[in-house]
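Got chain A sorted already, so can you dock chain B onto it with the hints?
2 protein chains.
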Amino acid sequence: MNPPTKPVSESLSGLVGQGVNAIDTPALVVDLDAMKRNLSRMADFARKHGVRWRPHAKMHKSATLARLQMEAGAVGVCVQKTAEAEAMVAGGIYNVYISNEVVAASKLARVAALAHRVAAEHGQLAIAVDSIEGITRLALAMNDARTLRGGNAVIDVFIEIDVGQGRCGVPPGQPAVTLAHEIRKHPALRLAGLQAYHGKAQHFRSAQERREAIAVVVDDVRFTRKLIEAEGLPVELVTGAGTGTLVCEAASGVFGELQAGSFLFMDADYAQNERDPAQPNFEHALFVKTQVISSHQHHAVCDAGHKSHAIDSGLPKVHALDPGSELEYANGGDEHGILRPAGGNTRVPAIGRLLWLIPGHCDPTVNLHDFMVGVTGGLRQGTIDRIIRVDARGAVT
Amino acid sequence: MNPPTKPVSESLSGLVGQGVNAIDTPALVVDLDAMKRNLSRMADFARKHGVRWRPHAKMHKSATLARLQMEAGAVGVCVQKTAEAEAMVAGGIYNVYISNEVVAASKLARVAALAHRVAAEHGQLAIAVDSIEGITRLALAMNDARTLRGGNAVIDVFIEIDVGQGRCGVPPGQPAVTLAHEIRKHPALRLAGLQAYHGKAQHFRSAQERREAIAVVVDDVRFTRKLIEAEGLPVELVTGAGTGTLVCEAASGVFGELQAGSFLFMDADYAQNERDPAQPNFEHALFVKTQVISSHQHHAVCDAGHKSHAIDSGLPKVHALDPGSELEYANGGDEHGILRPAGGNTRVPAIGRLLWLIPGHCDPTVNLHDFMVGVTGGLRQGTIDRIIRVDARGAVT
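From first to last, the protein sequence lines are chains A and B. Numbering of the first sequence is given in the working numbering, commencing with residue 222 and proceeding in unit increments. Numbering of the second sequence is given in the working numbering, commencing with residue 222 and proceeding in unit increments.
Worth flagging that the hints you see were computed from the coordinates, not collected in a lab. All the given hints hold, so there is nothing to weed out.
Note that identical chains are pooled: a pair holds if it fits in a single copy or bridges any two copies.
When the alpha-carbon atoms are kept at most 20 angstroms apart in a straight line, the in silico SDA-like pairs for lysine to any residue are as follows:
1) Lys421 with Leu536
2) Lys421 with Ala551
3) Lys269 with Gly294
4) Lys421 with His517
5) Lys421 with His519
6) Lys406 with Pro396
7) Lys421 with Arg561
Note that the structure is a prediction, hence the values are computed from the model and not measured.
For reference, chain A alone in the conformation it holds in the complex (with noise of 0.2 angstroms):
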């Protein structure tokens, strides 16, 4: 009934075994044994906390990936696309949580269709919704397809409400009361609790300024749920958390699941946050392998430009394998990277030599590769360990 994950072609299949060398670029390369340990850290990070983590694999887009993070104690996946929901069940993936509002009719058809086939395989799809027309069209869907289907799946969903964002959701307090009596009409639809995500909170700099407005965030969610329930209606989970905030959200007696994404790779964005003391140190583990195509007096042109790493929070910073050999990346436009000496380096990279880029955002830079190269061992002297398909690539709607 699962239908399989796409191969990969044969010409990358025959990589496996090989070293690091034999990736030609661009190419998007994964340190497993870095990614690895993050995997790991986060487990151990939120057994220590008591909460469920159910990454975002709208970062890593892989059902492999899901799977990784399964095994290590997550508790399934969340996303933010329809599409996306797809790809990882096809994947096998039968835990999947749509962060995100869906509500045009041919996609409420797909969801309600994924709610029935992950039913059967005796997991859970859930949704987001932060409006009264939104349920009653999902509600819609869900009715058509248990009539059309038989059987009598439900699916999971959290009410949205907006604790900063300023983009989804409904305010906090009354307006998800409302929201939450419509809910309960709906045999279909079961009330799971709230979502809270303050997602521009994971990029404020400062480990206080981060605190304040998750203690914002903790007052919003508490006020809430306390008038829901004084209505005699369960609030029986409350998700949100990024990779920027999670020890603010673990820690708060409210939050009871963590949905952050970007921990299993980071980026060079998350990297100039000023690390709060109980976050753990999660390590780059996702690089752009490069190399210089043409070199000139004061620059070299490398071959990643940004239909190669995504540059909305930035450029990518290049990783500097020995000491001296710092460089600057400079935007070169679509294809190219300008690279020029930085810190105490005085050289100008030759014609040929090989360099890794840190993305500055690891999720919009998975999302413009088809696959990603893991290797083993470090970047310096590894082995291919596997390729991994990027399954939702490009799976926007």
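Below, chain B without anything else, positioned relative to chain A:
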């Protein structure tokens, strides 16, 4: 011998003949009527100036659109990457210029194989160089391919000079003469002329600034050509120009070929250029269709963020189909856009509302999508005419 381009999936093919409302969001949509008008404006412009045009396929990455351009009079296409060239050749486009430096032995073996492949189809492959090292590596690969395949395929080689971009290319003048002599040493390499592209000048906002920048480019080219010719070597063709400056290169008497690619679709960035009176009046033909998924007192949220469109050259503009419906798009992250009423409009759009975005930069936007939906009869009441596969999506190597 020619492998067909990959077919689009059945569910996509089923869209053809349906109305625009059948397009799920977010999706990349091409207004084919506007695109064809742009194509015909470009063909007229090139004919009038007596120059060849070889549009950059790094923009649309589609062999189907390359073929349409060649039917309208283009001599072939430019690409930036070996993998893009492979995608074009696989789609039956046999006149391809890699207007960029390629130095990896593994890639040059592919380049040499392509040179033989297109020669068998009476086509021609060309490439840019900016170093003796690059020429030596290219010649080695071409010689190896001759030994391996038999045949005497020759690759056209353009010397790239840096005319103000500050990226690849040797300085104008003597360094180009040195490379010209070097190219002539290798029987599988043919000295084809000069590559001279000023990418930054494309986006200088005033027409006067662009004219001044290209006047310097033209002087650099003329000076360099004179030096090369003084040594008895030919400079058959000077190739370059983009959508922002093509009026200047076309009128220069020096450039024989225009590489402009964006004219076909245009984007929000190019729309900010003051139009040169001599410039054809290219229209927007590329849109991201999106839907409102969340609506609040002062803002709404749509389902297209920067996984649906590139933001390296600014955020997309909302295309107001009706007067008084103006909206401003603000960054909502990877999967969301924030919409606020703008101009005289005071209404926040409701859940379910469909909108059209004009991307900030067409090239990297196309690269996010596996296909484009081609529409005739306009965005409001039009019909889906064809699904256009983005053959070279993600082709970064």
